[in-house]
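*Asks:* Residue strings, one per chain:
Number of protein chains: 2
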Amino acid sequence: MREGRRIAVLSGGLGGSRCVDALARAAGPDAITAIGNVGDDLELLGVHVSPDLDTVLYTLAGLLDEERGWGVRDETYNALAMAGELGGESWFTLGDRDLGLHLVRTSWLREGLPLSAVTLRLAEALGVRVRLLPATDEPLRTKIQTKDGELDFQEWFVARAHRDEVTGLRYEGAEAASPAPGVLEAIEAAELVVIAPSNPFVSIRPILAVPGIREALAAKRVAAVSPLVGGKAFRGPLAEMMASLGHEQSAAGVAALYGDLVDVFVVALGDEGPPGAVEADIDMVDPGRRAEVGRKLLEALL
Amino acid sequence: MREGRRIAVLSGGLGGSRCVDALARAAGPDAITAIGNVGDDLELLGVHVSPDLDTVLYTLAGLLDEERGWGVRDETYNALAMAGELGGESWFTLGDRDLGLHLVRTSWLREGLPLSAVTLRLAEALGVRVRLLPATDEPLRTKIQTKDGELDFQEWFVARAHRDEVTGLRYEGAEAASPAPGVLEAIEAAELVVIAPSNPFVSIRPILAVPGIREALAAKRVAAVSPLVGGKAFRGPLAEMMASLGHEQSAAGVAALYGDLVDVFVVALGDEGPPGAVEADIDMVDPGRRAEVGRKLLEALL
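Chains Y and F are the protein sequences, given in the same order. For the first sequence, the numbering used here gives the first residue as 1, with consecutive numbering after it. For the second sequence, the numbering used here gives the first residue as 1, with consecutive numbering after it.
Hints may be right or wrong, so weigh each one.
Facing chain Y, according to a computed beta carbon distance under 8 Å, are these residues of chain F, among others [said to hold, decoys possible]:
#1 76
#2 83
#3 229
For the record, the hints were derived by calculation from the structure and aren't laboratory data. The beta-carbon is built from N, C-alpha and C at its ideal position, and this holds for glycine as well.
With the rest of the complex left out, here is chain Y:
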């Protein structure tokens, strides 16, 4: 195998973090650059929260609450409880340890460090050797269109519990954004780019919406892992979004969304995919199975 970072992974939150972890366990963390979604970032109580980047960080650092799929395990919630009692914003759950990370991120951002540099410092402090980069350092926010109007992503997802049917999406700030330092280089240097089994609308497209990233992928071998198995998502509202946005609620439907950007589409063993799909074990929920799943995936793709 070649030395250095040779696999780039486009990643959202939970599904993405598990895929990054699986590939890192299989190929070694130094082989991986993860390019993370920032479309669901938010400011809350004055702190900058990057839920998808954090889920990747916490997963790789072994801190994730795996049961729940977000946040830090063995967490307390005393700061948020007090903030709520005082009339502060408390609709978005922030644990105390989680908040410690947001405070540090926010203070570094205020010192003028870009999000990518902040994220690298956080990863280093947590002993994470995978290189994690936000798709962009600039503000890019996913907006969800519903029949009641446009909502911020977290307003739709958390505050309203993704009950509103999605009629469209918009990636605010994407056109003016540029890839974070290292993103295009990581793609160019990669022998394989993996699109993780993340929600294409709210995790992957906000990455692809940053000018330059889609173009860089066009020249590469790109594999996408299906986020739907038997037409259902491991977790989250993807199946419902596929339906409400007029797409087939299946792996093949997701493959059609990516179109010719993707060279190899990977579906779960026994699942139906588009013509030419590769079948593989893509169940990465159990951390104990991820090394093996990652190994087989790389065997199939490299």
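Following the hints, complete the assembly by docking chain F onto the known chain Y.
*Replies:* Only chain F this time, still in chain Y's reference frame:
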């Protein structure tokens, strides 16, 4: 007794909060306006901390860790622990519930509310009926001069554990500051102004340094309660500061510092004071005794 707010108290941290509590238990919380020191405020991890105002709030809300004399009882420290692990500032202890309050304060300040309005909102949310006002809404910071140079108050007090001998003090920003809304009115409306048994150098003088406050006091009956008993402070570095700054380390020494600003100086039973000093029980450490101590103090002063 007259209706309305009729006692104004100039207050620092622990000693001040206990005195405010004692007077509030004796005269009723609606009779009291506490004017709090902001000279030891600081920004830390991007949040605005007002240690003295918070000690008053926590004391009056019954949340104070009475044993330790600061912060919230039954507190956890998980956010700060995480921040420290990540390389963020962690030299100043912030508990999780405490941090929740700072986050709310800071977010309201960022919305443009002045500190006085924020403090009133926090007090209301905590069910505190004493009216607590910062001496000023503008930045005023106590600087400590030592033979190794000038230090921020908390740098001297917390980070260096007040080991450096104090050779002078400066109240940065005081000259340009103005009293917070309600401060002068509270003094003018008061039939009695009490200077709490707080450190004169780092708690009371930063209040008096705000132009207009000393002048308003000149027209009023002002009583000061000695922060030294038998030449010793209940807690904190006052005795050492008296010595290093060339003052007599006694109640009379404190009285001399206040000079003719004060009409009545109150010392502990049996303690020596300046000529004309009133002796009273001023031990307000035990919350269970505060109502009685406050009652006797008011009997002696009104």
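*Asks:* Confirm or reject each hint.
*Replies:* Comparing the hints with the structure gives:
{"no.": "1", "hint": "76", "in the structure": "5 Å, holds"}
{"no.": "2", "hint": "83", "in the structure": "4 Å, holds"}
{"no.": "3", "hint": "229", "in the structure": "35 Å, violated"}
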